[in-house]
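*Asks:* Residue-level listing of the chains:
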Amino acid sequence: MRFTPSPEQRQFAASLHDLLSGADTPGAVRAWAEGRPEPGLKLWRDLADLGVTALRVPEECDGLGAGLTDLVIAFEVLGYHAVPGPLAESVAVAPALLGDGERLRALAAGRLLATVALPPHVPYALDADVAGLVLLVENGAVYRGEPETEPVRSVDAARRLFRVAGTGGALGATDGSAFEAGVLAVAAELLGAGQRLLDEAAAYARQRHQYGRPIGSYQALKHLLADVVTRLELARPLVHGAAVTATARDVSAAKAAAGEAAYLAARAALQVHGAIGYTAEHHLGLWLTRVRALTGAWGGGAYHRARVLAGA
Amino acid sequence: MTNIVVLVKQVPDTYSERKLSESDHTLDRESADAVIDEINERSVEEALKIKEAGEGEVTVLCVGPDRATDAIRKALSMGADKAIHVSDESLHGSDMLATAKVLAAAIGKVEGVDLVIAGNEASDGRGGAVPAMLAELLGLPQLTHVRQLTVEGGSVKADRETEEGITHLEANLPAIVSVTEKINEPRYPSFKGIMAAKKKPVETLTVADLGVDSGEVGLGNAWSTVLEASPKPPRTAGERVEDDGDGGTKVAEYLVAQKLI
Numbered sequence: 001m002r003f004t005p006s007p008e009q010r011q012f013a014a015s016l017h018d019l020l021s022g023a024d025t026p027g028a029v030r031a032w033a034e035g036r037p038e039p040g041l042k043l044w045r046d047l048a049d050l051g052v053t054a055l056r057v058p059e060e061c062d063g064l065g066a067g068l069t070d071l072v073i074a075f076e077v078l079g080y081h082a083v084p085g086p087l088a089e090s091v092a093v094a095p096a097l098l099g100d101g102e103r104l105r106a107l108a109a110g111r112l113l114a115t116v117a118l119p120p121h122v123p124y125a126l127d128a129d130v131a132g133l134v135l136l137v138e139n140g141a142v143y144r145g146e147p148e149t150e151p152v153r154s155v156d157a158a159r160r161l162f163r164v165a166g167t168g169g170a171l172g173a174t175d176g177s178a179f180e181a182g183v184l185a186v187a188a189e190l191l192g193a194g195q196r197l198l199d200e201a202a203a204y205a206r207q208r209h210q211y212g213r214p215i216g217s218y219q220a221l222k223h224l225l226a227d228v229v230t231r232l233e234l235a236r237p238l239v240h241g242a243a244v245t246a247t248a249r250d251v252s253a254a255k256a257a258a259g260e261a262a263y264l265a266a267r268a269a270l271q272v273h274g275a276i277g278y279t280a281e282h283h284l285g286l287w288l289t290r291v292r293a294l295t296g297a298w299g300g301g302a303y304h305r306a307r308v309l310a311g312a
Numbered sequence: 001m002t003n004i005v006v007l008v009k010q011v012p013d014t015y016s017e018r019k020l021s022e023s024d025h026t027l028d029r030e031s032a033d034a035v036i037d038e039i040n041e042r043s044v045e046e047a048l049k050i051k052e053a054g055e056g057e058v059t060v061l062c063v064g065p066d067r068a069t070d071a072i073r074k075a076l077s078m079g080a081d082k083a084i085h086v087s088d089e090s091l092h093g094s095d096m097l098a099t100a101k102v103l104a105a106a107i108g109k110v111e112g113v114d115l116v117i118a119g120n121e122a123s124d125g126r127g128g129a130v131p132a133m134l135a136e137l138l139g140l141p142q143l144t145h146v147r148q149l150t151v152e153g154g155s156v157k158a159d160r161e162t163e164e165g166i167t168h169l170e171a172n173l174p175a176i177v178s179v180t181e182k183i184n185e186p187r188y189p190s191f192k193g194i195m196a197a198k199k200k201p202v203e204t205l206t207v208a209d210l211g212v213d214s215g216e217v218g219l220g221n222a223w224s225t226v227l228e229a230s231p232k233p234p235r236t237a238g239e240r241v242e243d244d245g246d247g248g249t250k251v252a253e254y255l256v257a258q259k260l261i
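Listed in order, the protein sequences are those of chains A and B.
Straight run, no breaks: the first sequence in the working numbering ends on number 312.
Straight run, no breaks: the second sequence in the working numbering ends on number 261.
Don't read these hints as lab results, they were simulated from the structure.
Some hints here could point you the wrong way.
Partial pick of chain B residues on the chain A-facing surface, computed with a CB cut under 10 Å [what the hints assert, rightly or not]:
(1) Arg67
(2) Ser77
(3) Lys182
(4) Phe191
(5) Lys192
(6) Ala197
(7) Lys198
(8) Lys200
(9) Tyr254
(10) Ala257
Don't be surprised by glycine CBs; every beta carbon is placed ideally from N, CA and C.
Produce the entire structure from the sequences given, and follow the hints as far as they go.
*Replies:* Here is the structure:
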């Protein structure tokens with residue numbers, strides 16, 4: 001099994017990182033949460049130019065036909081920057097649900113954002129008010145979804161969740177692979193978010209002084225952050241490995257491990273930052289709430305651990 | 001069809017600590033992350049814009065050690081068509097004149113060059129003279145410090161910006177242009193571009209392949225020598241004025257004493 005990122009994949013990740021570092025991504029996340037999606041949509045258009053939205057669209061529909069390994073590379077960076085919007089839904093899942101060339105072309109070009117609800121593990125459709133296409137998957141059949149007008153509150157204000165009802169006849173059928181792709185994408189996003197929380201905490205620990213020295217020089221903080229590094233390092237090969245095998249068991253192991261590592265990173269980062277980390281003005285909260293939301297989304301830890309045990 | 005050569009240099013990342021090696025005072029390339037010089041990303045972008053506006057081919061030319069392939073790869077993934085990499089141990093420590101001679105010889109290997117685009121200066125050496133030297137060696141018009149560029153038929157128009165002001169220049173092709181950081185915002189390599197770059201041809205040449213005499217290049221043949229190098233001394237602490245209600249007066253007195261007001 002080879003899951004070491006290729007030089008090209010590293011270059012793609014660097015390119016995405018440069019783009020998102022240069023743009024005001026935190027500003028776009030905050031605007032998105034306030035119901036002003038325009039800065040976030042601009043970010044999506046830029047990401048589409050680099051090929052993110054076309055990754056899983058087949059080449060005959062102007063897509064890139066890229067593999068799951070390319071997908072997780074991209075999603076780690078997207079999570080690192082807390083990019084708003086229905087990422088897993090539109091980039092990882094929708095291309096696997098749609099057979100219609102016209103819609104696939106629109107998805108690839110970034111002209112169409114799609115979202116999807118897959119009850120029971122994905123009961124609500126994320127950002128259905130912004131998405132041009134809302135889908136509902138029930139018992140293996142794909143329907144057009146009709147979202148309610150009022151969103152359901154998420155712990156992450158930038159995740160606008162909507163109840164959906166299916167309308168009309170089935171558009172097509174799907175096996176479990178679309179769900180697995182979504183779980184894997186979210187696992188990679190969690191890994192990236194966890195890494196960002198660690199980086200933010202480590203930077204703050206070097207900068208913040210107490211009793212005349214940086215707080216990062218105290219052993220209690222070093223140990224706290226070293227534990228986070230270890231957990232993230234152990235989760236990463238599971239995520240990259242699951243992208244190679246794509247089996248339900250490996251995908252579940254990846255999601256469970258990435259979720260736990262990112263959640264530990266969130267708790268440690270908040271503790272290292274102290275009270276400033278709780279304030280709404282500080283950017284840390286964008287990742288704290290994102291990690292909490294994604295840990296439970298697309299199946300929580302208990303569900304995924306049970307799948308790992310069942311497949312053993 | 002516009003045939004463009006873009007000069008690309010790999011430099012130590014400006015965000016990392018840059019130093020000279022202790023043995024021969026040449027650039028210590030191992031101590032810092034190597035990246036394509038940012039101004040060259042803009043040079044490539046400008047070449048790609050000209051190509052996309054009409055028809056053309058963009059060749060990347062780089063003189064540098066083996067690891068400079070990363071810088072070339074980035075230019076190719078942005079959309080350049082092919083590359084020439086001049087890599088030779090004997091080039092270590094070459095001065096600007098020797099570099100310009102090698103570049104001129106390498107440009108001669110590309111058929112029918114219409115335009116050579118360079119950055120105005122590299123972020124490591126900061127000599128800023130290579131484009132002018134190339135123009136002299138190749139006998140071509142030079143348009144330096146360009147912040148806006150248009151190619152029309154057989155001529156090139158440029159806005160040259162310096163501290164003195166803006167000059168509007170025009171020259172017949174072929175010509176040499178060096179650009180400033182105001183020229184454009186470079187694109188980020190896309191997934192497609194990165195994958196396509198894998199298959200693009202990179203020709204690796206030595207000094208001998210170019211017909212340049214190895215007695216003209218390298219540290220031993222440089223026209224100037226670095227005798228000594230030391231880091232910039234840290235800034236001194238300066239004078240602190242305590243404000244006991246008369247802070248403004250004290251600051252004014254200090255400035256008067258320094259003959260600043």
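*Asks:* Return the status of the interface hint for Lys192 of chain B: holds when the least beta-carbon distance to chain A is below 10 Å, violated otherwise.
*Replies:* Result: holds, 6 Å to nearest chain A Cβ.
*Asks:* Tell me if the interface restraint on Phe191 of chain B is satisfied: Cβ within less than 10 Å of some Cβ in chain A.
*Replies:* holds (3 Å)
*Asks:* Let's test the interface hint: is any C-beta of chain A closer than 10 Å to that of Lys200 of chain B?
*Replies:* violated (13 Å)
*Asks:* A closest beta-carbon separation below 10 Å is what the hint needs, so does Lys198 of chain B meet it against chain A?
*Replies:* holds (7 Å)
*Asks:* Using 10 Å as the Cβ threshold, decide whether Ala197 of chain B counts as touching chain A.
*Replies:* Result: holds, 8 Å to nearest chain A Cβ.
*Asks:* For the hint on Lys182 of chain B, just tell me whether its beta-carbon gets within less than 10 Å of chain A.
*Replies:* violated (17 Å)
*Asks:* Would the hint on Tyr254 of chain B be counted as holding, given a Cβ-Cβ threshold of 10 Å to chain A?
*Replies:* violated (30 Å)
*Asks:* Should the hint that Ala257 of chain B touches chain A count as held when the rule is a Cβ pair under 10 Å?
*Replies:* Violated - the Cβ of Ala257 of chain B stays beyond 10 Å from chain A, reaching only about 35 Å at its closest.
*Asks:* Does Arg67 of chain B hold up as a contact with chain A if the rule is Cβ-Cβ below 10 Å?
*Replies:* Interface hint status for Arg67 of chain B: violated (13 Å vs cutoff 10 Å).
*Asks:* Quick check on Ser77 of chain B please, does its C-beta sit within 10 Å of some C-beta on chain A?
*Replies:* holds (6 Å)
Taken one by one, the earlier hints fail for this structure at numbers 1, 3, 8, 9, 10, listed in ascending order.
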